[in-house]
Structures are given as C-alpha cells and as structure tokens.
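K.L.:
One letter stands for each residue in the lines below.
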Amino acid sequence: GQQVMQIPQYQHVQEGEDFTTYCNSSTTLSNIQWYKQRPGGHPVFLIQLVKSGEVKKQKRLTFQFGEAKKNSSLHITATQTTDVGTYFCAGPGGGGSNYKLTFGKGTLLTVNP
Amino acid sequence: NAGVTQTPKFQVLKTGQSMTLQCAQDMNHNSMYWYRQDPGMGLRLIYYSASEGTTDKGEVPNGYNVSRLNKREFSLRLESAAPSQTSVYFCASSPRANQPQHFGDGTRLSIL
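Chains S and A supply the protein sequences, listed in that same order.
Letter by letter, the first sequence follows residues -1 to 111 in our numbering.
Letter by letter, the second sequence follows residues 372 to 483 in our numbering.
If you're looking for bench data, these hints aren't it; they were derived computationally from the structure.
Take the hints with a grain of salt, since some may be wrong.
Unchecked claim - Below, in silico cross-link-like pairs of lysine-lysine (DSS-like), each with a Cα-Cα straight-line distance of 27 Å or less:
#	chain 1	residue 1	chain 2	residue 2
1	A	380	S	103
2	S	34	S	49
3	S	103	A	428
4	A	428	S	68
To be verified - Every beta carbon over 12 Å from chain S, so not counted as near; a handful from chain A, in silico:
#	residue
5	378
6	385
7	387
8	433
9	435
10	441
11	454
12	465
13	477
14	481
Computed from a predicted model, the values in this text were never measured in an experiment.
By construction, the Cβ of each residue, glycine as well, lies at the ideal position given by its N, Cα and C atoms.
Kindly produce the complete structure, drawing on both the sequences and the hints.
P.N.:
This is the structure we're talking about:
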C-alpha cells in the first residue's frame, strides 16, 4: 500500500538557521498537503501543491512538489521560535481508497533562541 | 465560527468502560475523519466518512465504531476501553475527500 515517509524525524536548530524537511511517497500523488502542529495543539493546514514541479512560498516558508509528484519538501529560511512544532505532509490514497489522506510521521522542529 | 468542535477535551476511563467521543463541524463539509495520535506514530486514521451516509475503516479500526449521525456530526465509540487506546483523538473535516482538512482541538483520553 501507499506509504508516505518523512525525514528527518527530528531537527534542532539555532534561531536564524535554515530548516528543511523532506517527504517521499511510494506512489504518484494527485496533490500533497502540508500541516503544522504546535506542541499541545492540533494540526493546521498550511498549503496544498497540485502541479508537477510546483513551488509556493509563504513568507519564510518554501514548498516544492517534485517533477514526478512523488516527493515534496518544506524549507524554512531563518527559523524563529514561532516555527517550533511538528510538520506533516499528507497525500491522498492509501489502503485501497482515494477518499482519505495518508500522513507522514512528521518532522519535529525545535529552535534554540 | 467554531469550525470543528470535539467533546470532551479530557477523559479518564477504567478498562472495560465504554465511551463516545463527539465531533461536530459547522462548515458544511461532506467528509469527516477520526485519527489517533501517539508519540512517534504520527496521525493514524481510525475511521472516515467520505460523505453523509457512508463510513469506512481506516488504518486502525479495531476496538472502535463510528456513526455519521448527520452531515454535521461524526461520533467515535469505544465499546470496551483498553489501556492500548490511551491516546489523543482528533476529529477532522474537509469539503470533499482528499481536500485540506480542518482539525478539532482533540480529546486526550487515558484508560487505566
């Protein structure tokens, strides 16, 4: 079945350093979604990428969707303490159904001020 | 505009007790989902409802049942709670299947 894998599992950075998390799917995705979960909070939708090779920016965050639509990345420039949290990617499908999302296990980002 | 509302926020149960977690959304979404989140395991789908009147098993359905009561409400029932079901439970909804999901604040459930 479809698997969505994220690396790294954890990343600790000094404030001001850059951060990147990678997401890889075992199957081609129709779209990929990114979510952020603050400690003690709930996942919050950040962005959806649909097109092959698509790049989208949200302030210091840059999201990319691979040409083969099987991988994606999230890059944060000059991290801040407000970036702390777990970042999840998710793709449609898995378990024989296209009516649900399969989430990666997430990358936990901690930032040292 | 409340979004997705889950009740209760916290609950402690004894092994063997039953409990229903409630979820309601006010965004007129068609699809609703129940996840559990355990340390290091990410979000695992328990059950989902792609549209009103349908429910399907997710990745970890054993020990749970669901009811899509109407378009707004999707409840999760533990018939006989077990310590392995200690977790944080999230309900989510989306306009249609595979579209971005909106999550509730979660229910923190401990089973002793």
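K.L.:
It remains to establish, for every hint, whether it holds in the given structure.
P.N.:
Now for the hints, and whether the structure bears them out:
1. With a C-alpha separation of about 23 Å, the suggested pair residue 380 of chain A and residue 103 of chain S falls inside the 27 Å cut-off, and the hint holds.
2. In summary, the hint linking residue 34 of chain S to residue 49 of chain S is supported, as the alpha carbons are separated by about 21 Å, within the 27 Å threshold.
3. Restraint check: the Cα-Cα separation between residue 103 of chain S and residue 428 of chain A comes to about 20 Å, which is no more than 27 Å; the hinted pair holds.
4. For the hint pairing residue 428 of chain A with residue 68 of chain S, the CA-to-CA distance comes to about 25 Å; that is within 27 Å, so the pair holds.
5. The beta carbon of residue 378 of chain A is kept farther than 12 Å from every beta carbon of chain S, the shortest such distance being approximately 14 Å.
6. Against the 12 Å criterion, residue 385 of chain A stays outside the reach of chain S, whose nearest CB is about 25 Å from its own CB.
7. No beta-carbon of chain S comes within 12 Å of the beta-carbon of residue 387 of chain A; the shortest separation is about 29 Å.
8. Under the 12 Å C-beta cut-off, the non-interface status given to residue 433 of chain A relative to chain S holds; the minimum distance is some 14 Å.
9. Every Cβ of chain S is farther than 12 Å from the Cβ of residue 435 of chain A; the closest lies at roughly 15 Å, confirming the non-interface assignment.
10. No Cβ of chain S approaches the Cβ of residue 441 of chain A within 12 Å, the least distance being about 19 Å, so the stated non-interface status holds.
11. Non-interface status of residue 454 of chain A relative to chain S is upheld: no Cβ of that chain comes within 12 Å, the nearest being about 22 Å off.
12. Residue 465 of chain A, annotated as away from the interface, has a beta carbon of chain S within 12 Å; the closest lies near 9 Å.
13. At roughly 5 Å from the closest C-beta of chain S, the C-beta of residue 477 of chain A falls inside 12 Å, breaking its exclusion from the interface.
14. The non-interface label for residue 481 of chain A is consistent with chain S: the shortest C-beta to C-beta separation is roughly 16 Å, beyond 12 Å.
Hints 12, 13, counting from the list given before, are not met by this structure.
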